[in-house]
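Peer 1: Chains as they are written, first to last, in numbering that gives the first Met the number 0: chain B, 0 to 319; chain E, 0 to 260.
Treat the hints with care, as some may be off.
[Claimed, not checked] Chain B is nowhere near these chain E residues, computed Cβ spacing over 10 Å in every case: (1) 21; (2) 55; (3) 146; (4) 191; (5) 199; (6) 207; (7) 212; (8) 248; (9) 251.
[Said to hold, decoys possible] 16 Å max Cα-Cα, derived EDC-like pairs, lysine to aspartate or glutamate: (10) B:143 - B:121; (11) E:248 - B:121; (12) B:143 - E:226; (13) B:318 - E:256; (14) B:143 - E:215; (15) E:241 - B:121; (16) B:252 - E:160; (17) E:241 - B:312; (18) B:143 - E:214; (19) B:278 - E:256; (20) E:248 - B:312; (21) B:285 - E:245.
[To be verified] Derived coverage of chain B by chain E (criterion: at least 3 residues anywhere in the stretch with Cβ under 8 Å from a Cβ of chain E; other residues may be distant): (22) 118 to 132; (23) 151 to 158; (24) 239 to 253.
It is worth saying that the hints were derived from the structure and are not from the lab. Each residue gets a CB set at the ideal place from its N, CA and C atoms; glycine is no exception.
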Amino acid sequence: MAEVLVYVDHVDGAVRKPTLELLTLARRIGEPVAVALGSGAEATAGTLAEHGATRVLTAEAPEFADYLVVPKVDALQAAYEAVSPAAVLVPSSAEGKEIAARLAVRIGSGIVTDAVDLEAGEQGPVATQSVFAASFTTRSRVSKGTPVITVKPNSAPVEAAPAAGAVEALSVSFSAQATGTKVVSRVPRESTGRPELTEAAIVVSGGRGVGGAENFAVVEALADSLGAAVGASRAAVDAGWYPHSSQVGQTGKSVSPQLYIATGISGAIQHRAGMQTSKTIVAINKDAEAPIFDLVDYGVVGDLFEVVPQLTEEIKTRKG
Amino acid sequence: MSLRIVVCVKYVPDATGDRHFAEDLTVDRDDVDGLLSELDEYAVEQALQIADEADDAEITVLTVGPEDAKDALRKALSMGADKAVHVEDDDLHGTDVMGTSLVLAKAIEKTGYDLVVCGMASTDGTMGVLPALLAERLGVPQVTLLSEVSVEDGVVKGRRDGDTASEQLEASLPAVVSVTDQSGEARYPSFKGIMAAKKKPVESLDLSDLEIEADEVGLEGAWTAVDAVVERPARTAGTIVKDEGEGGKQLAAFLAERKFI
Ligand SMILES: Cc1cc2nc3c(=O)[nH]c(=O)nc-3n(C[C@H](O)[C@H](O)[C@H](O)COP(=O)(O)OP(=O)(O)OC[C@H]3O[C@@H](n4cnc5c(N)ncnc54)[C@H](O)[C@@H]3O)c2cc1C
Ligand SMILES: Cc1cc2nc3c(=O)[nH]c(=O)nc-3n(C[C@H](O)[C@H](O)[C@H](O)COP(=O)(O)OP(=O)(O)OC[C@H]3O[C@@H](n4cnc5c(N)ncnc54)[C@H](O)[C@@H]3O)c2cc1C
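Chain E extracted, bound-state conformation:
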């Protein structure tokens, strides 16, 4: 029986570029370069490895985001995913994490799944809660923040390295998994992969396809409100000295002056 894997991927503003907010205090996604969140590359990689181990598996990559978010899907397809689903709707602008998780959960149910694979966090919102929210909404186990993952005989196993302990986890499918950047380097798309991706199907869904009302999502439907965004003032230029044999002592004097010693 085929293992149906859905990988959630997010299209995010490039962290090394000029990230900023639009007038309505949402992230400006039009005016900045975006890309597949690097942490989701690890999710795609683990899905590909799980699919390789399975007799028969199909990987669908899923994103919720504007038109440009197709770039993230293309990247994942060129890495080796089989098909893509893009949820796109003008009414989604400004959706917060509760709304995003609702849309993703409905899209996952519509697609059909045995295993959902997510990144540990996006590189923009960085909340790191979406996988747990999906598990809650789908009513299936969460096996999250894994640095090692495998699937065998309908059971997903993995290692979670937490604050105070390292744990081995286990759950029956269907389940939601998230993987960390310790799970293994993501492959680069090959030229063949990039060419093949152009022919792979990308299905577009809107809110009506998912039977979600416009007022359940978007800025208006959001469960949270951003009242103010302020750019952090640039740090005032600090003192920089060149070590000419006394650098350690000079630094000690600075630390003493600030009462750290």
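Just chain B, same shape as in the assembly:
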């Protein structure tokens, strides 16, 4: 069976969930061969093998952390040349998309970004994309070269599928461009202890209606009662009430959880672009005319400072 390269997104050996989802999709079109780079690369092998990687190609070098993107492109290209895969799958993170795009130019292939599903087709893998703020669904494929496809988080289930996962060292020679953009310093994001926004099964978001940074405690309490991640609209972020890394929408994170709860958010098109593919949508807003209500499975017209604390209490009671 044809091999499929899967680019591994990990933090010091801890594989992030979107990569495990990619392995599920990769198995639909071939045998997954994972490529893990940088510090902790070998430590990813166990998890990757459990989820279907037949081989794990690893490379560690200081260049991966010290310079932006290009060293990783060099390594992925080396893997591509070593494996001659039927397709290359990369998680749709900002960096993942850039790596995938540059690889595509180098190998003379087309690229499809932000797929939300992937299947085998007669002319190669067929990607589903959700476009124009999720108002259209398209089916696309790469028609020239080896398909390079980036896939959004929450596009497939994580499935156990034990495979060999044999670790092999990948030999990489860095290109002249590799050291072009220096990473002078890096400040890791502090963990909130809550699930990662793009990966969470439930997201609770607050908007301008929350009215202030300290009021976000109300949103956080609801999130914690559900084990959810906290998101925010751009209005709330711009006001400085919540960090930009929590912004949901066109220029923030795009989320696709099982449940999305919008509190004090009107539902502007740019916000909808980042959450409209959520499976179940709930909104609490005091304005019955707010556009967000056009999307909801369940909406409460009311003051969030009344509704949300009551909801949180009721959840706690029901959970005992």
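Fit chain E with the ligands to the supplied structure of chain B, relying on the hints for placement.
Peer 2: Positioned in the frame of chain B, the structure of chain E with the ligands alone reads:
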């Protein structure tokens, strides 16, 4: 020495309007209102600020798109850019990102540049990969997704706020930069700016000027194919209740019924 800045700007269908696809499954750009992609306003703004800081700088705005795309160039010129380049050719219809990046790279090389500034993503294709593709094709550093950017002594510096960390980046010119909507509000064109823009030069280029063959671009030359486009069915109307003191409890019951609690 003059700092030559090229800003890539895209003309896109208005996101608040009725966006749809044409029969050949390309975006319908004829039948809908277009505008300068809002995210490219941030690119123009940062270019203007970088030019202000430099002793001597010239800003060229560049677009690849149909006749109407001139509107996007005019807007950027009225914000303060010096001149414009418009790549326009019937054979460009249906060009995908590989083709677009090829055309832009050739046009940038022809124009001459020290710094290329892009938006973080267009508001239609929203791929967010074009700046990286340009850097790859031009063989220069990419300094992308910056929420803060400055240029001094031939070096571009910026802050990139990523998924897991915030990074300070640095590269020597020439380079390709992209800026996010966190980089600073874009200015509104002044009346003076709008009047001045009418006199600024707009150069038109076609594929032959860039020595690109028709079959390298367009629908036929595309590296990707769209096989189907389906409008997402409108969501079935959900339940909406008015809070009369029990709204939170009612919502909890709904969440329990859906097994979220
Ligand atoms: C290029 C571009 C990119 C953008 N990207 C994004 C993005 O990524 N994400 C994003 O979110 N936005 C984005 N925006 C901004 C977007 O257009 C909206 O301005 C923004 O989403 C509004 O946020 P909001 O819903 O919180 O605020 P508002 O639209 O002001 O809505 C606040 C809502 O809160 C309700 N409310 C007030 N008080 C209460 C209360 N006590 N109880 C209940 N409800 C209450 C109000 O009825 C209102 O509906 C972008 C805009 C542009 C131009
Ligand atoms: C809904 C949709 C989905 C698409 N999916 C794909 C796909 O999966 N694969 C594919 O190959 N093509 C795809 N395309 C086509 C692609 O959008 C165009 O080729 C486009 O010109 C480049 O991609 P982008 O606009 O998404 O660029 P982005 O990478 O999002 O744009 C980043 C920046 O590049 C600059 N830029 C982009 N286009 C131009 C331009 N024409 N002129 C000047 N500057 C520009 C701007 O500064 C912009 O802010 C898609 C188009 C649409 C509308």
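Peer 1: The structure should be examined with respect to each hint, and the outcome stated for every one.
Peer 2: Evaluation of the provided hints:
no. : hint          : result
1   : 21            : 12 Å, holds
2   : 55            : 25 Å, holds
3   : 146           : 8 Å, violated
4   : 191           : 29 Å, holds
5   : 199           : 29 Å, holds
6   : 207           : 23 Å, holds
7   : 212           : 15 Å, holds
8   : 248           : 5 Å, violated
9   : 251           : 4 Å, violated
10  : B:143 - B:121 : 14 Å, holds
11  : E:248 - B:121 : 51 Å, violated
12  : B:143 - E:226 : 15 Å, holds
13  : B:318 - E:256 : 14 Å, holds
14  : B:143 - E:215 : 12 Å, holds
15  : E:241 - B:121 : 51 Å, violated
16  : B:252 - E:160 : 12 Å, holds
17  : E:241 - B:312 : 19 Å, violated
18  : B:143 - E:214 : 13 Å, holds
19  : B:278 - E:256 : 15 Å, holds
20  : E:248 - B:312 : 9 Å, holds
21  : B:285 - E:245 : 14 Å, holds
22  : 118 to 132    : holds (count 5)
23  : 151 to 158    : violated (count 0)
24  : 239 to 253    : holds (count 4)
Violated hints, listed in ascending order, are 3, 8, 9, 11, 15, 17, 23; each of the other numbered hints is respected by the structure.
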